[in-house]
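Q: Sequences listed follow chains A and B, in order.
Mapping of the first sequence onto the numbering used here: residues 1 to 219, in sequence order.
Mapping of the second sequence onto the numbering used here: residues 1 to 67, in sequence order.
Because the hints were derived from the structure by calculation, they are not lab data.
Nothing here was measured: the structure is a model prediction, and the numbers come from that model.
Backbone N, C-alpha and C define an ideal beta-carbon position, used for all residues, glycine too.
Errors might be hidden in some of the hints.
Chain B stretches covered by chain A per the calculated footprint, using a threshold of three residues with CB under 8 Å from any CB of chain A [said to hold, decoys possible]:
#	segment
1	10-21
2	38-51
Here are some, though not all, of the chain B residues that point toward chain A, as calculated from beta-carbon distances under 10 Å [as the list claims (entries may be wrong)]:
#	residue
3	Arg24
4	Ala25
5	Trp27
6	Tyr29
7	Asp30
8	Met32
9	Val33
10	Ile34
11	Ser54
12	Gly55
13	Gln67
Next come the chains, spelled out residue by residue.
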Amino acid sequence: MRDCAVGGRDAREERSRFPYMTFTGAIGAACMFPLRAIIQACVSLRIHPNVLTLVGVVINFIAAWFFAHGEFVTAGFVMLVANIFDFIDGKVAETTNLASRFGGFWDSVMDRFSDLSLFVGVIYLYAQLGRADYVMIAALAMMFSVMTSYTRARAESMIDQCKVGFMERPERIVLVMIGAFTNRMGAVLWVILLLSVVTVLDRIYYTWQALKTQEAEAS
Amino acid sequence: MSGKNPLTLPARTIWHALFWTFDRATWQYDLMVIAILAFVWLTPPDWLGDPTASGPGLIGIVLGWLQ
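Using the sequences and the accompanying hints, generate a full structural model.
A: What follows is the structure, given as structure tokens:
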């Protein structure tokens with residue numbers, strides 16, 4: 001999750017126009033306090049960021065196992081730990097000057113394994129419960145989650161940036177954790193599915209428009 | 001914010017909600033998060049046929065009182 005820092009240029013411009021802090025910004029800022037200490041510890045211990053990424057995936061597999069067995073709260077806590085590793089790997093890479101193109105590639109690939117494993121865990125649970133409807137909802141949510149990442153990656157091989165649409169990976173992760181902790185996984189899956197569909201459509205539309213503009217400028 | 005056509009504001013709101021270009025930690029992002037959390041926590045799980053959720057949810061509790 002090396003590209004998911006809270007904020008950005010647009011956010012900074014927005015904040016300069018509205019000088020109060022948003023509540024999601026405040027939550028992000030509060031979470032950064034313990035994370036800074038963990039990042040510093042990893043830097044001091046000289047842990048390679050690619051190892052942190054791998055550890056994050058392995059812990060996510062454990063979370064998926066708990067989901068598959070219906071132990072949502074435990075799965076939520078395990079996910080929390082996994083995503084600390086997932087979040088800090090990029091920061092550690094920057095701090096230790098170990099950021100590399102392979103690190104970015106490795107991170108993206110491992111992120112997909114993490115995402116898919118969690119959905120597989122939930123799908124297994126619903127299959128065990130004999131709920132074909134929710135197997136389908138979770139499977140479609142999984143499909144569109146992957147397509148959300150794929151459309152951006154493919155678009156950015158042709159255009160500068162394709163960062164439109166709400167339901168990106170950090171939003172999905174936080175929603176699944178909320179679903180796990182508050183036992184509302186059904187509603188969370190519906191939200192992930194619907195907003196992922198919209199996000200994929202946003203990215204297709206945005207890329208189509210951007211390529212049309214590029215072609216018009218070239219001719 | 002054209003005052004000429006009052007229909008443009010809701011239409012633009014829906015367009016911006018669907019074609020999302022806002023960054024994180026903006027007030028628009030906060031509104032979207034509130035809407036999502038409201039749906040997740042307030043909707044009675046029975047309405048969605050949630051196989052694992054327990055409890056009626058806030059809307060279910062209010063409807064129970066009203067009945």
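Q: Does each hint fit the structure? Answer for all of them.
A: Cross-check of the supplied hints:
1. 10-21: This one holds; 4 residues, not fewer than the three required, reach chain A with a Cβ under 8 Å.
2. 38-51: Held - the segment 38-51 of chain B has 9 residues with a Cβ nearer than 8 Å to chain A, which meets the minimum of three.
3. Arg24: Where the cut-off is 10 Å and the nearest Cβ of chain A is about 5 Å from B:Arg24, the hint holds.
4. Ala25: holds, 3 Å
5. Trp27: Holds, because the Cβ-Cβ distance from B:Trp27 to chain A comes to roughly 6 Å (cut-off 10 Å).
6. Tyr29: holds, 6 Å
7. Asp30: Because about 5 Å separates B:Asp30 from the closest Cβ in chain A, which is inside the 10 Å limit, the hint holds.
8. Met32: holds, 6 Å
9. Val33: holds, 6 Å
10. Ile34: holds, 9 Å
11. Ser54: It holds, given that the least Cβ distance between B:Ser54 and chain A is near 6 Å, below 10 Å.
12. Gly55: holds, 8 Å
13. Gln67: violated, 22 Å
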